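Undergrad: For the record, the sequence lines run as chains A and B.
Quick note: the first sequence uses the working numbering, first residue 1, plus one each step.
Quick note: the second sequence uses the working numbering, first residue 1001, plus one each step.
Please keep in mind that the hints were generated in silico from the structure rather than gathered at the bench.
Please read these numbers as outputs of a predicted model, since none were measured by experiment.
Virtual Cβ for every residue (Gly too), placed ideally from N, Cα, C.
Keep in mind that the hints are not guaranteed to be accurate.
Derived lysine to aspartate or glutamate pairs resembling DMTMM-like cross-links, with alpha carbons at most 25 Å apart [said to hold, decoys possible]:
#, chain 1, residue 1, chain 2, residue 2
1, A, K167, B, D1168
2, B, K1107, B, D1168
3, B, K1101, A, E196
From the derived model, a few chain B residues whose C-beta atoms are all more than 10 Å from chain A [what the hints assert, rightly or not]:
#, residue
4, L1013
5, L1018
6, V1024
Now for the letters of each chain:
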Amino acid sequence: MAAAMLVVSPHAAGMERAARGGAITLAGIAKQFGATSVLRGIDLDIRAGEFITILGPSGCGKSTLLRIIAGLETQSAGHVAIDGLAVDGRAPDRRDIAMVFQSYALYPHLTVAENIAVPLRMRRLTRLQRLPGARVLPGVARIRASIAEAVQAVAATLRLESLLLRKPAQLSGGQKQRVALARAMVRQPKAFLMDEPLSNLDAELRVHMRAEIAQLHRELGATFVYVTHDQVEAMTMSDRVAVILGGALRQIATPSVLYRDPDDLAVAQFVGTPRINILPALAVARGVDVLGASISVPTGLPIGTKLQVGIRPERLTARSGEGAFAGRLAYRENLGSDLFLHVALDGAPGPLIVRSDPSLLDTVSLGDRVHVDLSAEHLLLFDLEGKRIRPAGSGGVHG
Amino acid sequence: MTGRRPAPTLRLLRHLLLLAGAVVMLAPFFLMVATSFKPKEEIFSAEFHLLPQRWGGTENYVTALTQVPLVHFLLNGAIVTAAIFLLQVLVNVPAAYALAKLRFRGKATLFGAVLLCLMIPYQAIALPIYILFYQLGLLNTYASLVLPFTISVFGIFLMRQFFLGVPDDLIDAARVDGMSEYGIVWSVMAPTAVPALVAFGIFSVVAHWNDYFWPLIAVGDQSLYTPPLGIAFLKLNGEGTAYGPLMAAATIVIAPLVLAFLVAQRRFVEGITFSGLKG
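Given only the sequences and the hints, what does the whole structure look like? Please build it.
TA: In structure tokens form, the structure reads like this:
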């Protein structure tokens, strides 16, 4: 796949760069399917022109939330407003949004050009004017010409000109995805809703399309609501990420805050590969006791309180000399740029994952005794329920 | 079955078995066509020849076409089967869409009712329908030939099974694009279901083109006769049975179906295997 980036000229597609609204407000959205509660009281303010990602594992309710915004699903409780206007109960096509689906959802019997034209045909032509022989009616030819022009412009933007006469079955996955984007763009909606649009593509194409979609967002200036279970997509493309776990909104923050300063143990565990290390700890006089190692960190907790500490693999250092913890090297993952060591600590439930320099590969081998050190300021404290403990004056975010 | 080729004798046996089956199936048709070409004396002679010894085809076909208004019967058949099929599609496709893709109260019960109706042979309800049509004064009309068959539960079932395979995303995309539910039915679902519609069309047309039972009950007026009734009329007409013209008429009646099948064969097989659209 050529690495050519999309160059979208705002004028080429007749699109205004200026923000054209698209703020979406969700208030207390809940959804039940029978006795199962899929979404629980979601409050979310999406700013106009923002690229927001709704991130969560499969089955967390994120797609349902997107479908509620689109109007394809009716919420059991709560309200959806677009640009301050309540749209509850309004049909999807009357919400001024466009949607891109995981399976692309192109009409298999229509050509690429006809597929892209559908939203405009439905809007600009009446039922009568859409009939096969309606070309002879007054004004229809002019409207059809304007539609063809808009299709051409969008096709040029997404480099689809040479494919306009093909049927979807004759396209590759990446091409289908671009046609789906074109069909969404052609009517210049306030907001684009995307439901895992890249998950049917192969890895290389996914990276490429990630960049294309981010670029498209910058050029169009419309609101993008992007649903994914892939944290890399969420971290690389979004202005803000909303993490949904078990039907509840756990945290909404920029990707870097989400990674460095999670509100919640579940969020900390969901974001970041490999996973954050979690160890049991006990509050002591001037810090915490983790597996017998005393770490000086303000907690503001009464002595003896049980808690959990989280530390990212890259905040740990493995060394052969002294360190806070000691254990045996159980497994090594060499990714070329990084080396992940799985250290089975004495007395710990699972192995500790430590990112280290691949040069260490020559000096340690499986079964070796390894010492692990950590920087206390990167320790994240959680209570036993998984809620983040932010002791007063600790500052919260570091590095 | 594994990809290993069975022993040659077994393969030969298998082909012989298939060949025997084909002969059993094709023999009546072959005899029908052959008899339609034979002169009267040869048909009734004690000596049997597979192929006609003397050409009697012209006379048989001329008799078949002139003694009864066979062309008129064929036209009736075409009108009735086309009307039945069109009305069936008009009912089946929206009903199947609702049963396959919409969420509503009582859907499972309705689908159960469709399955139940599949079990009812139409001979069983022919008399009640006859009485109903008598009360409505519809007997002896084109409507009486068409209306009983406008709702095909088999068609609803077949189309519903096909629609289950159409991805939901496609329907949602159509809704976001601004299509109404009927718009979705006719501009999205129906075009993707062409193979299934063709398959259903063949079943429907063959069944109603060849139907003898209901037209025999419903119409008495010769001008409304469908081809099978017409053939029977030919048989009863005149002195004794004229097998030559009868077989000629039967050949003429069956020919359109065979031609239509040959044209639509590929689509037909596609529809049966439901390979038209994959999610």
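Undergrad: Confirm or reject: L1018/B is not an interface residue toward chain A, with every Cβ-Cβ distance exceeding 10 Å.
TA: Holds, because the least Cβ-Cβ distance between L1018/B and chain A comes to about 35 Å, which exceeds 10 Å.
Undergrad: Find the nearest Cβ of chain A to the Cβ of L1013/B and say whether that gap is larger than 10 Å.
TA: Given a closest Cβ separation of 42 Å, the condition holds.
Undergrad: Mind checking the alpha carbons of K1101/B and E196/A for me, to see if they're no more than 25 Å apart?
TA: holds, 22 Å
Undergrad: Taking the shortest Cβ-to-Cβ distance between V1024/B and chain A, state whether it exceeds 10 Å.
TA: With a cut-off of 10 Å, V1024/B remains clear of chain A, as the shortest Cβ separation is near 41 Å.
Undergrad: Between the alpha carbons of K1107/B and D1168/B, is the straight-line distance 25 Å or under?
TA: Distance of about 17 Å is within 25 Å: holds.
Undergrad: Given the hint that K167/A pairs with D1168/B, does the C-alpha gap stay at or below 25 Å?
TA: holds, 20 Å
Hint violations for this structure: none, all hints satisfied.
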